[in-house]
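Please build the complex by placing chain B on the supplied structure of chain A, with the hints as guidance.
So the chains spell out like this:
Number of protein chains: 2
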Amino acid sequence: MSLLPPQILKTIEEFQKLPGIGPKSAERLVFHLLRSSRADPAALGQSLLTLKNQLRFCSTCQMVTTEERCVLCADASRDASTVLVVEEPLEVVAFEKTSYKGLYHVLHGVLSPIDGLGPEQLKIRELVDRCSSGAVRELIIATDPDVEGETTAVYLRDRLSPLVPTITRLAHGLPMGADIEFADQITLRQALEGRRNL
Amino acid sequence: MSLLPPQILKTIEEFQKLPGIGPKSAERLVFHLLRSSRADPAALGQSLLTLKNQLRFCSTCQMVTTEERCVLCADASRDASTVLVVEEPLEVVAFEKTSYKGLYHVLHGVLSPIDGLGPEQLKIRELVDRCSSGAVRELIIATDPDVEGETTAVYLRDRLSPLVPTITRLAHGLPMGADIEFADQITLRQALEGRRNL
Chain A
311 MSLLPPQILK TIEEFQKLPG IGPKSAERLV FHLLRSSRAD PAALGQSLLT LKNQLRFCST
371 CQMVTTEERC VLCADASRDA STVLVVEEPL EVVAFEKTSY KGLYHVLHGV LSPIDGLGPE
431 QLKIRELVDR CSSGAVRELI IATDPDVEGE TTAVYLRDRL SPLVPTITRL AHGLPMGADI
491 EFADQITLRQ ALEGRRNL
Chain B
311 MSLLPPQILK TIEEFQKLPG IGPKSAERLV FHLLRSSRAD PAALGQSLLT LKNQLRFCST
371 CQMVTTEERC VLCADASRDA STVLVVEEPL EVVAFEKTSY KGLYHVLHGV LSPIDGLGPE
431 QLKIRELVDR CSSGAVRELI IATDPDVEGE TTAVYLRDRL SPLVPTITRL AHGLPMGADI
491 EFADQITLRQ ALEGRRNL
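Residue numbers (my numbering), protein chains in the order written: chain A, 311 to 508; chain B, 311 to 508.
Hints were generated in silico from the structure; no laboratory data involved.
Incorrect hints may have been included.
Which copy is meant is left open, so a pair is good if it fits within one copy or across any two.
Stated by the list, open to error - Simulated pairs of lysine-lysine, DSBU-like, Cα-Cα distance not exceeding 30 Å:
1) K327 / K433
2) K407 / K334
3) K411 / K327
4) K411 / K320
5) K362 / K320
6) K433 / K320
7) K411 / K433
8) K362 / K433
9) K320 / K334
10) K362 / K327
11) K362 / K407
12) K334 / K362
13) K433 / K407
14) K334 / K411
15) K433 / K334
Bound-form chain A, shown alone (with noise of 0.2 Å):
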């Protein structure tokens, strides 16, 4: 038997699912919930409730959202010949903060064969059916500059280079800030093979 109420025990379950949080940080949260005014275990929960009923992949780049086509794909505005081939919904955000005004494709995660994601876990049959159809002229590959994000574009490269005329990938070099001195050489070594004219 223990001390604490099955139903405490249960949400602390619950939470240490999540990543980065332990046992300790579980049980924390769950008595901050129980005693705070601001933060209510209700909204928290039915928010939670709704979030994966009323969610859904867009049928045409897989970014989150309650329609059956996202804002941006159903923006005539857009340039639909160039997407950006991204890992998550988060980055669709992120380069929407740049002047980028083309469309997307989420993947929802890297081939990761540790991690049991191959081609058919990810987005990746929706993106080649996409590109079939020839309206795509330049394929963006964003994914992360990591071992699973490389490998992932270069089957991505393979995979569809028959389909699309143009497939590049981000520029890799110096961020903007970047102290030279402490740069990695890899960093380094990809800033001098990329450098351009002044």
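Relative to the frame of chain A, chain B by itself:
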């Protein structure tokens, strides 16, 4: 108009009300819940919804429970003449791992005027009522050894000494496994003052 559906924004907002969770962590948690096969927003949502509905405070010791009295207060084999006063329910769980056989009283906080926490916001009236019967012979005050905890301990001693014959405070000193070289001076002074015959 936001790129992310309002359901997601609302859930991110609710997560941000939890301690130690900022905007970026909240986003990460929500998108993890949407994608993960292990963590389930519906399960977490449901357990949060039942949390506040089904939980109550024990009528005697104010521990969280689902019954009128908690399992400890309902246990006739416990020594009801000794009451250990703690700040939070989880501290009861911690003391239950020792050989303590008395009962508890959970204050649900400490005196902290800066956070708007006075005696009325804590379960102090309930403790006074409980001691008024004369059944409590020793009150062990186990608030944290910090400014708020010490202030609360002194307040409780002043208020309850007419009602309870013995009021004690947990011993201060070196924790087990501590390295004296690195102990702070207040702890060392308290360890010296509290020295005992060997």
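Now for the hints, and whether the structure bears them out:
no. : hint        : in the structure
1   : K327 / K433 : within (24 Å within a copy, 33 Å between copies)
2   : K407 / K334 : between (37 Å within a copy, 16 Å between copies)
3   : K411 / K327 : neither (37 Å within a copy, 34 Å between copies)
4   : K411 / K320 : between (46 Å within a copy, 27 Å between copies)
5   : K362 / K320 : both (20 Å within a copy, 13 Å between copies)
6   : K433 / K320 : between (33 Å within a copy, 26 Å between copies)
7   : K411 / K433 : within (22 Å within a copy, 59 Å between copies)
8   : K362 / K433 : within (18 Å within a copy, 39 Å between copies)
9   : K320 / K334 : both (14 Å within a copy, 26 Å between copies)
10  : K362 / K327 : both (17 Å within a copy, 21 Å between copies)
11  : K362 / K407 : within (27 Å within a copy, 40 Å between copies)
12  : K334 / K362 : both (27 Å within a copy, 20 Å between copies)
13  : K433 / K407 : within (24 Å within a copy, 50 Å between copies)
14  : K334 / K411 : between (45 Å within a copy, 25 Å between copies)
15  : K433 / K334 : between (36 Å within a copy, 24 Å between copies)
Hint 3 from the earlier list is the only one contradicted by this structure; the remaining hints agree with it.
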